[in-house]
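Engineer: Take these sequences, add in the hints, and give me the full structure.
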Amino acid sequence: MHKSLRSKGLLLLSLLVVASMIISACVVPAPLPAPAPAPQSPEAVPAPAVEGEDVTLFVGPNQVPCTGVAPQMCLQVKENPDADYLLFYSTIEGFEFEPGFEYELLVNKQTVPNPPADASAFRWTLIEVVSQTPVAPAAELEGVTWKLIAYTDQNGMLSMPGVESTITLQDSEAGGQGGCNMFFAPYTLEGDQLSFGPAGSTMMACEERAMAQEQAFLASLEQVASYQIVANQLHMANADGAVILVFEPQVQTSLTGTLWQAVSVNNGQQAVTGVISGTVLTATFQDDGTVSGSAGCNNFSGGYTVDGDQIAIGPRAMTMMFCA
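Residues in the sequence shown are numbered consecutively from 71, following the numbering used here.
Everything labelled a hint here was simulated from the structure, so no lab data went into it. Model, not experiment: these values are computed from the prediction. No residue lacks a Cβ here, since even glycine has one placed at the ideal position from N, Cα and C. Heads up, some of the hints might be wrong.
Unchecked claim - FRET-style restraints, in silico, Cβ to Cβ:
1. Ala206 with Leu259: 16 to 22 Å
2. Val205 with Gly372: 43 to 49 Å
3. Ser347 with Asp379: 27 to 33 Å
4. Asp379 with Glu123: 50 to 56 Å
5. Glu277 with Gly372: 31 to 37 Å
6. Asn302 with Thr352: 26 to 32 Å
7. Asn184 with Gly232: 32 to 38 Å
8. Ala275 with Ala394: 17 to 23 Å
9. Ser347 with Glu163: 46 to 52 Å
Structural biologist: Below is the structure:
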């Protein structure tokens, strides 16, 4: 009996061991957490391609006054070397302009979407300065009639003249057209140092714009301390070196075939005065030695002779119309 119980105990133990092995074999172990992915290096984002087009610009040797939103100085540019220069109201990023040189530039031109009303429709960026060529001065200071192209107005801004003003310097005496009256003033020249004495002028009254320009022009002359001729421009600067007057040589006009209009006359009493308001004095010289024009009321005609820079007119005939 004891043997039977023992056998049964051994059998039960064997069954327990087998059952334990079966259960162990059926249990699936929980999977280990997946390893975190290794950080990936970010891919380099390619820079967007530059839009627009590459163009060649030719830049003139001087800036000139122009009016955009406000008075300013503009470059002169052209894309065709044989064309005339045009005013350039924008800027070229990366380009430093130095007066007195003609430039050939390679630039990128991009369209600006929805530009402000007072801004350029294009963005210009310098790629390369292809060439930079010095330009010799076009004229000497003295003996040339210089035409005003920019003056310092009452607000201290370089502005474009609304009427013609000129100046000629010769033998320490300067004179010209102030905008309304003829003026004259002594000057002193030493190297590039230039100064003017008090100016005198005729006493004609003109419209307000012409008078304001003349007053500002003559006031600026008294502040001139130096000058520089850059390519085809004469720059007059004050004691601080700031340019306050800018001129270009006046184009020489042929005596014949031109309608000349008088701006002042000798009044017969050793004084030069302005033309009476509302009247026009003209003269046209022909190649055949005849001259004709308006004397302010009646028309005249006659002959003339020229010997070098000397001219003699007469005799002459006139109409007989009665005027005020």
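Engineer: Evaluate each hint against the coordinates.
Structural biologist: Tested hints:
At roughly 21 Å, the beta-carbon separation of alanine 206 and leucine 259 lies within the given 16 to 22 Å, and the hint holds. A hinted range of 43 to 49 Å for the beta carbons of valine 205 and glycine 372 is consistent with their spacing of about 45 Å. Look at serine 347 against aspartate 379: about 31 Å separates their beta carbons, and that is inside 27 to 33 Å. The beta-carbon spacing between aspartate 379 and glutamate 123, approximately 54 Å, falls within the hinted interval of 50 to 56 Å.
Our hint of 31 to 37 Å for glutamate 277 and glycine 372 holds, since their Cβ atoms are close to 33 Å apart. As the Cβ distance of asparagine 302 to threonine 352 is approximately 30 Å, the hint placing it in 26 to 32 Å holds. Between asparagine 184 and glycine 232 the C-beta distance comes to about 35 Å, which sits within the given range of 32 to 38 Å. Between alanine 275 and alanine 394 the beta carbon distance is about 18 Å. The supplied range of 17 to 23 Å therefore holds.
The beta-carbon spacing between serine 347 and glutamate 163, approximately 51 Å, falls within the hinted interval of 46 to 52 Å.
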